[in-house]
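Just so you know, the protein sequences line up as chains A and B, in that order. The first sequence begins at 1 in our numbering and counts up by one. The second sequence begins at 1001 in our numbering and counts up by one.
Please note: incorrect hints may appear among the correct ones.
As the list claims (entries may be wrong) - Restricting the straight-line Cα-Cα distance to at most 30 Å, the calculated cross-link-like pairs of lysine-lysine (DSS-like) are:
#	chain 1	residue 1	chain 2	residue 2
1	A	71	B	1088
2	A	177	A	102
3	B	1088	A	102
4	A	102	A	184
5	A	105	A	177
6	A	105	A	184
The hints are simulated quantities; they were obtained by calculation from the structure and are not laboratory data.
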Amino acid sequence: MTATTINQTHDLSQAQLQAAFYDLDEHDHPEGGSTMLGFWMYLMSDCLIFAMLFAAYGVLGGSLAAGPGPKDLFELPLVALNTAMLLFSSITYGFAMLAMEKGSKGATQIWLLVTAVFGIAFLSIELYEFYHLIHEGATPMRSGFLTAFFSLVGTHGLHVTFGLVWLFTLVVQVGRKGLIPANKRRLMCLSLFWHFLDVIWIGVFTFVYLMGML
Amino acid sequence: MAHADTHNAAAHPHPDAHAEDTMEHGGHGSLREYVVGFLLSVVLTAIPFWLVMSGAIPDPRTTALVIMAFAIVQIVVHMIYFLHMNTKSENGWTVMALIFTIVIVVIALSGSLWVMYHLNHNMMPMSHEMSSMG
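Put together the whole structure using the sequences plus the hints.
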């Protein structure tokens, strides 16, 4: 009697163990079910890259090596224009997402292209600024401050560049395959990426440009 | 285990239910949300630029603190209105990842600045002596 009871409890715990550890009850994992969380993890690690670049700028920002400083180099009206471009591109991407939600393919593509125009404007202004700085002799090799500046702002610019490549790819993808679930998922990942870059830019214009001019 | 069972029961009738559910939480907003976020961002960007360009606050240290406060508020606005962060999406894992990241960022930034400031501070008299010696 006692033996069977022990045996039963033993069997039961064994069954529980198996269920708990091996999850024999297979349930399906729909395609893309974990993509958004995974992409969020990527963004958080990207955030750490920028944090390190900000830290480097914070440490090296004052090391001018008798070269030009922020006040000699930065032009705030240009930075304000740049900030406006990125902010406009953020809301137009939002409109693309709303068009996607409504299921209108054409409107989604048009808003994506409008976003691309603002993104390209942002990059052009930034490249103009870099060209201007290098022309004046303020190259990344000039001082610790300029190395950190070009690393931080350049990395952000590279992210925007790859975001644009991704954006054009999706315009073509949506054109060919329509607003299928896979494309919606991709558009949502790019939405996170694009808005995330705008968040990083808030840090850049505040800590690098505005505080550099004080 | 209980979680798996309920999940199974819920998922079986519609195999794609989970995927749609994730998408629903992943990042949609309304037009109103985007417009409010945009207008708030414009205001929160314009004020710091104006403060620095006009020099409205004479003390640079105060100005720096004020514009940093504006930056933090604007980052939160972007998180809520553009990235559609909330504590419920992905069972709270996005928020957990965000909190973890913020902790690491704060430690790395404050640690770097603190250590390097003291390093510079302690190295200063040395280089001073060296230059006066030479």
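Quick one, are residue 1088 of chain B and residue 102 of chain A close enough, alpha carbons at most 30 Å?
24 Å, holds
Practice prompt. For the pair we were handed, residue 105 of chain A and residue 184 of chain A, check the Cα-Cα distance against 30 Å.
Written response: With a Cα-Cα distance of about 11 Å, the restraint between residue 105 of chain A and residue 184 of chain A holds, given a limit of 30 Å.
Residue 102 of chain A paired with residue 184 of chain A [C-alpha distance capped at 30 Å]:
OK: residue 102 of chain A and residue 184 of chain A at ~12 Å, within 30 Å.
*Can the restraint linking residue 71 of chain A and residue 1088 of chain B be considered satisfied, given a maximum Cα separation of 30 Å?*
45 Å, violated
task: For the pair we were handed, residue 177 of chain A and residue 102 of chain A, check the Cα-Cα distance against 30 Å.
output: Cα-Cα ~17 Å, so holds.
Is the Cα-Cα distance between residue 105 of chain A and residue 177 of chain A 30 Å or less? 10 Å, holds
Hint violations for this structure: number 1 only, all remaining hints satisfied.
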